[in-house]
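Colleague: All chains should be modelled from the sequences, with the hints used to inform the complete structure.
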Amino acid sequence: MINNEFHKEESSYRDNHGSVYFFKNKVLRTINAPAESNYLTLKKQNIYRDSIKNNFLIDFQEVEKNNFPEQLKTCNIILQSEILPFISYPYEWTFDQLKDAALHHLDFQIFLLNKNCVLRDSSAFNVQFHKGKPIFIDILSLKHYEEGEYWIGYKQFCENFLNPLLLSHLKSIHHNDFFRGSIEGLETIKLNNLLSLQNKFSFNTFIHVVLQSSLLKKDIENPHYTRDKKKKLKKFKKKSYFFLLNQLKSWIKKLTFKKQKSIWGSYSKTNTYNEKSLHEKETIIANFAKKFKPIKILDLGCNNGSFSKIALKNGAKDAVGVDFDYNVITEAYNLTKNDNLNFLPLLMNLSDPSPNRGWKQNERKGFVERFKCNALIALALEHHLIIGKNIPIKDFVNWLVSLSQIGLLEFVPKDDQTVKDMLSTKEDIYKDYNEENFEKYLIQHVEILKKHKLHNSNRVIYEYKVL
Amino acid sequence: MKKIFIINIFILLISNNAYAYIDPGSGSIIIQAILGAIAAVGTTASIYWSKIKKFFTKNKKNLTDDKQ
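Protein chains in written order, with our numbering: chain Y, 907 to 1373; chain E, 2 to 69.
Some hints here could point you the wrong way.
Lysine to any residue pairs mimicking SDA-like chemistry, simulated, CA-CA at most 20 Å apart [stated by the list, open to error]: (1) Y:Lys1077 with Y:Gly1087; (2) Y:Lys1143 with E:Pro25; (3) Y:Lys1155 with E:Ala40; (4) Y:Lys1140 with E:Lys59; (5) Y:Lys1138 with E:Ala41.
Source of the hints: derived by calculation from the structure; they are not laboratory data.
Modeller: In structure tokens form, the structure reads like this:
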């Protein structure tokens, strides 16, 4: 995502107050004329510094525009913000991650309102995770509070945070597919249609979902009616603004997602290889990380993130892990929060990873564009895609080696209990699935640096470097 | 008069600016007004409730003081 070429971040078109550019591994934010006075006022009041100090806002500094390309010289102020190793999206987060992001957004709003400031929007894409904690990245979203103003981002907050959380809480349905279906989140009208009468029988749900939905429907059916009503409204008291934020905060804090059983939720306890093999794998990863000290490592099929953590403790700087199992990513996230490690666990089905989407299909980047790393670990993964999802063995190898320069890749043969179990319920159409073929395709792209034969099984781990 | 007109236009332009970037939704604004009213009623009720509570606890305290 970040490279040396000068280019504009395509998602920064929505707000006319500024744009985001990438240049020489730097993230730059220009401030356009309409936002200049607001920025300078807030800067004078130390709002930005205080927000950074309290871990609400991403760190940034003003930079001299002479050092940058001509296109940037027309604006008066350029900010350079801290680079986050990975950018993730709400449809890749678990319930706990989205809930923490929502609470971070509300806490930040309350903090700002105490300083006579507010946020101009409530996009969940403005919250990112760094070292297991949420951080707000849209510097230009901060604005001076005007006496009597309503919360502009309330509707967006409901669509981006509250409604997806309620869907999980009330209906036990993960928000991810809905959010991936619509870049704007889950509309209040749609959520209201999904709720049962029993679900609606609570004060908070009635106000924020049922009543809001009926008014939003009126907005569509008879826009003049609601607009006229809106015009007649009194000013919104600051006390009421605080009440609304605090009420949502205490409600969201209580929302939970009932854990459903999954095979992989207890994988690290019940997997088919024994403790000795596990220790062997850990040693291989530790030595790999010590040897290459990768800046960014991608852990495919990361489970609860234990292998990523070994890599981080042995020389890797940042790690992102993906897995399709909801429970293991939840576990990985909660462990990361406690460890304060540079590990970002995300929910993803690798046979259908996050696509490029939004305006010009370039607004929100896909999996490959965001998570290409220096190094990769893919242990006990390939059989889930090749046998589980029928991905041709050659295709899998070609795809995998395109993701990093170096890597550790495990091959699980057909005589392994895991593969035997997988083949017990489906026809064995995988005639070319063997170590010889796997290696044949692999050496077309890589140099195999080491081939580790694991004890007590016929599994192999390849340490490779792309040619 | 002309000056006031220009100032008014200027104020309108400024306030419009703050609302220009995302659509807050008229229905969602009305909900906030309703919640604001509920909050105001709630606050008033809680003030009176605490006054009533105070009155009774005071009376109770006076009664126990008298007994002693």
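Colleague: All the hints need checking, so say for each whether the structure fits it.
Modeller: Results of checking the hints against the structure:
{"no.": "1", "hint": "Y:Lys1077 with Y:Gly1087", "in the structure": "holds (18 Å)"}
{"no.": "2", "hint": "Y:Lys1143 with E:Pro25", "in the structure": "holds (17 Å)"}
{"no.": "3", "hint": "Y:Lys1155 with E:Ala40", "in the structure": "holds (15 Å)"}
{"no.": "4", "hint": "Y:Lys1140 with E:Lys59", "in the structure": "violated (39 Å)"}
{"no.": "5", "hint": "Y:Lys1138 with E:Ala41", "in the structure": "holds (18 Å)"}
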